[in-house]
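Novice: Listed here are the chains, written in short residue letters.
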Amino acid sequence: MSKLRLATTWLDGCSGCHMSLLDMDERLIVLAEKVDLLYGPLVDFKKIPKDLDIVLIEGAVSSEDDLKKVRKLRKRSKILVALGDCAVTANVPAMRNSFGVDSVLDRAYKENAALNPGVPDEIIPALLPHARPVREIVPVDVFVPGCPPPADVIFYTLCELVEGRIPDLSEQTRFGK
Amino acid sequence: MSSQVRILTFKIDDRDVSAREGETILEVARENGIYIPTLCHLEGLSSTGACRLCIVEIAGRPKLFPACVTRAEEGIQVITQSERLTKYRRVILELIFSERNHVCSVCVSNGHCELQNLAQKLGMSHIHMRYRFPSLNVDASHDRFIMDHNRCILCTRCIRVCDEIEGAHTWDLMGRGVDARIISDLDQPWGESETCTGCGKCVHVCPTGALVEKGKSASEMAKRQQFLPYLTLMREEKE
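So the sequences go chain by chain: A and B.
Here the first sequence is numbered in our numbering, starting from 1 and rising by one per residue.
Here the second sequence is numbered in our numbering, starting from 1001 and rising by one per residue.
Among the clues, some could well be false.
Here are the in silico distance ranges between beta carbons for each label pair [to be verified]:
| id | chain 1 | residue 1 | chain 2 | residue 2 | range |
| --- | --- | --- | --- | --- | --- |
| 1 | A | Leu28 | B | Pro1229 | 45 to 55 Å |
| 2 | B | Asn1117 | A | Asp36 | 49 to 59 Å |
| 3 | A | Pro150 | B | Arg1052 | 24 to 34 Å |
| 4 | B | Thr1232 | A | Pro41 | 30 to 40 Å |
| 5 | B | Met1234 | A | Leu28 | 51 to 61 Å |
| 6 | A | Pro41 | B | Val1106 | 53 to 63 Å |
Simulated coverage check for chain B against chain A, where a stretch passes if three residues somewhere in it have a Cβ under 8 Å from a Cβ of chain A [said to hold, decoys possible]:
| id | region |
| --- | --- |
| 7 | 1057–1069 |
| 8 | 1097–1105 |
Since the hints were made in silico from the structure, they are not lab data.
C-beta: ideal position from N, C-alpha, C; glycine also.
Please put together the full structure from these sequences, using the hints given.
Specialist: Shown next, in the form of structure tokens:
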């Protein structure tokens, strides 16, 4: 059997879900026999590959760049997993939503800036009006709540997906876990 | 007063059960170890049917009945678990999550929250509607407690415990529908309330992180509700 093609991405989140992924420790070796990790913050490759089997999305959809990435990954993957509370509910990134983009940027880049106060207008992608859960942008196949989801849950999820099953995670994780 | 209590017999999930006249379906179910999910209900307080999670079916009647405020009747057949009920309960929970800002991961009640536990118990991994992300206040004007409207689900337990057990009636409800919210006195800051005795009962009956003690960090706010049945029992004995 050829290996499944796996990608991960890190949108508006803290990278905790990827840290939890690494916390699988030696089980990463077990997984490496079944999947090839082709794209994401843990891989050097910069372009999103085609014909992916599984994509893990960490983070809420919060910027123009997030929007492009999540749409492209959805198009190129069979199974899309919302990994962690930010991808599932928008979680902490959504705490900016009720304030509006301008006041959030002013607070971060002007009011609290000691040097060169000013909102950056190049390189950094523009923020969307709201940070949104992935499901509101593209269809999601598997939801893995948790902040972050424990390594055991990520391992179980990936093992089930590799076997062609959609895992039932209600016993193992929840919002805020 | 007659000491004769009428006993009713009926069925819950095909099990024969009996009730004293006036008992609710929820009370009878609990006496018989039959699980019906609840959120606004709390033993020791009056029932109000605010959350509707305890809805059940009664065979032959088209509408759904909240078990906490529906009295047992002779001969009825109650159904507590069905595809239809699961669907409605899920939608109710999802609407509660979408209505305000429930950020479990950073909430002081994370891991001790009845809403969060219920979501897991009913297998809710995400919600199907859009989140509203409303702009809501946090009232930290009280010396020892905080009211965070972001986490409030309008179960009205705080109102009932303050009125029925403490006798202060500091809390009440203002506004309608999506604008409804809990207020202290005449919508004044909690810290300026003239009626609040500072007893903290509202904090401990609150199912979520809406009413909490000051100085708690994420996941630290465990509630203690044991006092309520104890207080109710002591008072009944006195009567």
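Novice: Are any of the numbered hints broken by this structure? If so, which, sorted upward?
Specialist: 2, 4, 6, 7
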